[in-house]
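Enquirer: Below are the chains, spelled out letter by letter.
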Amino acid sequence: MSGVHDVGGKPGYGVIEREANEPPFHHEWELRVFALNRTLLAAGVYNLDEFRRAVERLPEEVYERASYYERWLLAIEELLRKKSALKALP
Amino acid sequence: MSARFVVGDRVTAPGLDGSGHTRLPGYLRDRRGIVIALRGSVPLADDRAEGAASPRIEALYTVAFEGRDVWGDACEPGVSVHADLWDSYLEKTT
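Protein chains in written order, with the numbering used here: chain A, 3 to 92; chain B, -1 to 92.
Simulated from the structure, these hints should not be mistaken for laboratory data.
Warning: the hint list may mix true and false statements.
[Unchecked claim] Sample of chain B residues facing chain A (criterion: CB under 8 Å; computed from the structure): (1) P23; (2) Y25; (3) R46; (4) A51; (5) P75.
Note that CB positions come from ideal geometry on N, CA and C, so glycine has one too.
Full structure from sequences and hints, please.
Expert: Take a look at the structure:
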């Protein structure tokens, strides 16, 4: 069964728009999310396949509204919750 | 696990139903391709995605699909799509 992420070849998404001279990150928070993911992967909190799965499991309407790095952040938050890796501050 | 296929084998990937993680993209399901390279034995992403302590380790292959077989005439001629797919994803075909 195809998930919402599995868009390759599906009609209705229109032409891919390429941004000229696109920077790797459009906002500093995106860079932080990227670095956070690399750090958590390196620390073995989760693996890359778990991360991809977490992105793929985002609810469809959330996935479609979110930008690329927003999906990363949402997936990271879900993984950290799932692994009980977060503690509330007092 | 031993490799079931060799370079030159014609294969197809039927795909699994269900919501588990897979590295088979939807557009390649049931398409026929040719094994063009063996990539060694690699832990299955499907298992690793569940955090499995002992993921199955399987032969990994690069399979080439003709673009026109995947997307029909909408695809320009001469396009080949290569996907790295695990042994259990594949079946031999004619």
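Enquirer: Is the shortest C-beta separation between P75 of chain B and chain A less than 8 Å?
Expert: violated, 17 Å
Enquirer: Checking hints one by one. Is R46 of chain B an interface residue toward chain A, by the C-beta closer than 8 Å rule?
Expert: holds, 4 Å
Enquirer: Given A51 of chain B as an interface hint, is the shortest Cβ-Cβ distance to chain A below 8 Å?
Expert: Violated, because the Cβ-Cβ distance from A51 of chain B to chain A comes to roughly 12 Å (cut-off 8 Å).
Enquirer: Taking the least C-beta to C-beta distance, is Y25 of chain B closer than 8 Å to chain A?
Expert: holds, 4 Å
Enquirer: Quick one, is the P23 of chain B hint okay against chain A at 8 Å, beta carbons?
Expert: holds, 5 Å
Taken one by one, the earlier hints fail for this structure at numbers 4, 5, listed in ascending order.
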